[in-house]
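First to last, the protein sequences are chains A and B. The numbering of the first sequence is the UniProt record's numbering, which starts it at 1 and goes up by one. The numbering of the second sequence is the UniProt record's numbering, which starts it at 1 and goes up by one.
Be a bit skeptical, because a hint or two may be false.
Pairs involving identical chains hold if they fit within one copy or between any two copies, as the list cannot separate such chains.
As a list, the in silico DSS-like pairs of lysine-lysine whose alpha-carbon atoms are at most 27 Å apart [as the list claims (entries may be wrong)]:
| id | residue 1 | residue 2 |
| --- | --- | --- |
| 1 | K98 | K344 |
| 2 | K98 | K418 |
| 3 | K323 | K418 |
| 4 | K55 | K441 |
| 5 | K441 | K98 |
Hints in this document: simulated from the structure, not taken from any laboratory. The structure presented is a predicted model; accordingly, all values stated were derived computationally and were not measured.
Protein chains: 2
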Amino acid sequence: MSTLISHLQSIVGTPHVLTEGDLSAYEQDWRRRIHGKALAVVRPGSTEEVAQVVKACAAAGVSIVPQGGNTGMVEGSVPDESGQQVVLSLTRMNAVRKIDAANLTVTVEAGVVLQSLQQIAAEAGFLYPLSLAAEGSCTIGGNLGTNAGGTAVLRYGNTRELCLGLEVVTAQGEIWNGLSGLRKDNTGYDLRDLYIGSEGTLGVITAATLKLFPQPAAKLTAFAAVPSMEAAVELLGLAQRELSAGLTGFEVMNQFSLQLTDQHFPNLRIPFTADHPWCVLLENSDNESEAHARERFDHVMELALEQGLVLDAVIAESVAQSKNLWHIRESIPLAQAQEGLNIKHDISIPVSNIPRFVAETDALIAAATPGVRMVDFGHLGDGNLHYNVQAPLGDDGEAFLKREEKRINTIVYEQLMKHGGSISAEHGVGSLKVHSLPKYKSPVALQLMRQIKQALDPQGIMNPGRVLEA
Amino acid sequence: MSTLISHLQSIVGTPHVLTEGDLSAYEQDWRRRIHGKALAVVRPGSTEEVAQVVKACAAAGVSIVPQGGNTGMVEGSVPDESGQQVVLSLTRMNAVRKIDAANLTVTVEAGVVLQSLQQIAAEAGFLYPLSLAAEGSCTIGGNLGTNAGGTAVLRYGNTRELCLGLEVVTAQGEIWNGLSGLRKDNTGYDLRDLYIGSEGTLGVITAATLKLFPQPAAKLTAFAAVPSMEAAVELLGLAQRELSAGLTGFEVMNQFSLQLTDQHFPNLRIPFTADHPWCVLLENSDNESEAHARERFDHVMELALEQGLVLDAVIAESVAQSKNLWHIRESIPLAQAQEGLNIKHDISIPVSNIPRFVAETDALIAAATPGVRMVDFGHLGDGNLHYNVQAPLGDDGEAFLKREEKRINTIVYEQLMKHGGSISAEHGVGSLKVHSLPKYKSPVALQLMRQIKQALDPQGIMNPGRVLEA
Chain A
1 MSTLISHLQS IVGTPHVLTE GDLSAYEQDW RRRIHGKALA VVRPGSTEEV AQVVKACAAA
61 GVSIVPQGGN TGMVEGSVPD ESGQQVVLSL TRMNAVRKID AANLTVTVEA GVVLQSLQQI
121 AAEAGFLYPL SLAAEGSCTI GGNLGTNAGG TAVLRYGNTR ELCLGLEVVT AQGEIWNGLS
181 GLRKDNTGYD LRDLYIGSEG TLGVITAATL KLFPQPAAKL TAFAAVPSME AAVELLGLAQ
241 RELSAGLTGF EVMNQFSLQL TDQHFPNLRI PFTADHPWCV LLENSDNESE AHARERFDHV
301 MELALEQGLV LDAVIAESVA QSKNLWHIRE SIPLAQAQEG LNIKHDISIP VSNIPRFVAE
361 TDALIAAATP GVRMVDFGHL GDGNLHYNVQ APLGDDGEAF LKREEKRINT IVYEQLMKHG
421 GSISAEHGVG SLKVHSLPKY KSPVALQLMR QIKQALDPQG IMNPGRVLEA
Chain B
1 MSTLISHLQS IVGTPHVLTE GDLSAYEQDW RRRIHGKALA VVRPGSTEEV AQVVKACAAA
61 GVSIVPQGGN TGMVEGSVPD ESGQQVVLSL TRMNAVRKID AANLTVTVEA GVVLQSLQQI
121 AAEAGFLYPL SLAAEGSCTI GGNLGTNAGG TAVLRYGNTR ELCLGLEVVT AQGEIWNGLS
181 GLRKDNTGYD LRDLYIGSEG TLGVITAATL KLFPQPAAKL TAFAAVPSME AAVELLGLAQ
241 RELSAGLTGF EVMNQFSLQL TDQHFPNLRI PFTADHPWCV LLENSDNESE AHARERFDHV
301 MELALEQGLV LDAVIAESVA QSKNLWHIRE SIPLAQAQEG LNIKHDISIP VSNIPRFVAE
361 TDALIAAATP GVRMVDFGHL GDGNLHYNVQ APLGDDGEAF LKREEKRINT IVYEQLMKHG
421 GSISAEHGVG SLKVHSLPKY KSPVALQLMR QIKQALDPQG IMNPGRVLEA
């Protein structure tokens, strides 16, 4: 092993091979559920260095855990406890290689932080639409590795749909330069989409060419109370018809999630929390003007009120007010954390099945564990719910998790199978869900995945035990 | 072989195994460049039958050529001349399994004709946006197998981006049911996008769940003469800024392509052909009204005239007039065919590089083969040109092709490499470009493709010799 360490030092330089001191930023996952031990944390500065690091590890038979901002939710980017895995941190590779305005593309390295890219795009007059809670520290490489979703998928798609080309170091340490800025390229299998979302198990994404969009003239939000989840789904359809691609966000929040938020963040001034079972937040990105955006929202809300889909509504009077409304939605996970540990689910269901799914599953969970409090919120526009279960009032969170997590997961996962859903919508599999996947994924699909893993990483050194059981 | 034939007859029924009579509809490619000979044409009526057919062929070691409407441009869906390949025609599998209005999805079988799906969607109040010249006979299975592009990619993406889930029969005859209607599902490798665009070389796509969109309130076109390709690219950027997702089409046509069209179809009444080097066609899909669509177009054209990007422009006064303008653009390939054989290229280039690419390549070709006439047209909005070379006036088309095709292909392909382009934008590889690919594609990418092919079709029975050399 010491030979490997010296070899790695010779490739990336001694200061960039970390073996001592507090490495918990690299070894512990974001949710602080596991703390591994790395053989070394290696921080290459170029694609060529990444390739050499992979070759060195492959020759030594040492496995590699690629890591970006280490903000993942599924324990996929930290080493195991063996002390035998190399963490390959991409954060030093953070160059913006090229902005091509006429082609509406930007080429960046894997270590660029999402928020930096949003800002760089904005300064050049464009929008990079990916937006998610960890944007201040997650990296583009991590976004690609996990096919990150977020709040704008309804309009712009997941990270996969935002990417036109990749640069990848294969499991053999070869460099594939597929940094195409092409919107049409039918010259063979879609390697790009195969690496995207493979969570570092097939190779290392080192750079990408991503889509940019014109900045909308105005982004406004509306906040509305709806009488039921059925009404929320109908309102979504109405807003899609009337606003078309202007509808760039459609979030849903149940009463309890807003109550919690109000309780822990009383300064947020939530428009209405009282007696409404659900609220929704709509975002309209208008290519004309703020006035036009508001006029279109007025029109949608008028129709919705007439049809009984909305009980009460607030349309933001300004961009600042829009941000405040978003802030309410974004504060739910924080309020929830303040309230104590809870059982989290990142799930998706065909939008048409969501009302039935939620009604049935709420009832099943309430019957199984009386007194639990459901924190239901998420991206209704793309069918993704964060369907979380908070311990009964006064119950100890940790004990609750220990006692109930498996049982409640099983209820939720079985319900997902019944309603055509997925046990991981936007967070991925990692090691957290790797043992659940065989129960809930088609055996044929799993077999195909194993064949691909075997074909592209026959040595099994790329992030082993993640996505697929080792 | 006769044992296999009887086996196939027992699976799909004797009338659906064709071995005699004129099978040229299945054996000859759309462009009539090659005419193969099938062992049999098998027409299964269900996914289960497809699976059994694949198993039977695999057991007999007989290779399979999946086929939809057989309208492909790259000789990918007809058998070779050996008489030893089974054509698997999916056209009998043409059921619409489900429309899910609230989820904005439709699930259809592979044999549904594109135009039928467009109509079915429209009758349900939705838009299925894929649109291309062969839409009256091409099938959804073929669209998926080749990742078809067309005229609306600028806004809606290629077929890959329109698909949420697949049902596939693997090369081993297993059925993978991945017919998800989910917009977020991060539970493993992207098998869907791997099969899409694999041209039947990894398995058989039998059904798909596809995205639907709300019907726009109005679709209008504008037709404009521009002073240069540079101006066309600038106008594209302007239109994207002003119309955002409303801009659903942006086509370009050079002077000669319009002259040819005018000559062979004088009734089309082309707005201006005379002295303008390039014309463009813009489509605006408006979610408010026809009046609003026109108002937005007026605004764009006013800005463009002010900035000197446009010399003259016509904005359609009605939907009928919009269709007429589209008809001009769509008649170019027909006019070209009337004029005689020509050397076709379906290429893509980053939009920013198109002006230089065209100027340089036009000059190189003119120098190499004096008198040739360039028919340049295509989907400028997504960087895809149909960059075709017509024989000099009076020259015999067939002799010209024989003499010049290879040499001109080489000029074009080398130029594409220089400018970051692709030798196949939307048509695929098939057998037409399979021997060119190794010269113009990254060897690392090709090696990865071979490893995937070997992993998923180790027997090599799925459409051998297409995409990858056999």
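Hint-by-hint comparison with the structure:
Taking CA atoms no more than 27 Å apart as the test, K98 paired with K344 passes in neither setting, with 39 Å inside one copy and 32 Å between copies. When the C-alpha separation of K98 and K418 is checked against a cutoff of 27 Å, the pair qualifies only between copies, where the shortest distance is 17 Å, while the shortest distance within a copy is 46 Å. Proximity of K323 and K418 under a CA criterion of 27 Å is satisfied in neither setting, with 37 Å inside one chain copy and 45 Å between copies. For a Cα distance limit of 27 Å, the shortest separation of K55 from K441 across copies, 23 Å, qualifies, whereas the shortest one inside one copy, 33 Å, does not.
In this homomeric assembly, K441 and K98 come within 27 Å of each other (Cα to Cα) only across copies, at 22 Å, whereas the closest approach inside a single copy is 39 Å.
Checked against the numbered hints above, the structure violates hints 1 and 3; every other hint is satisfied.
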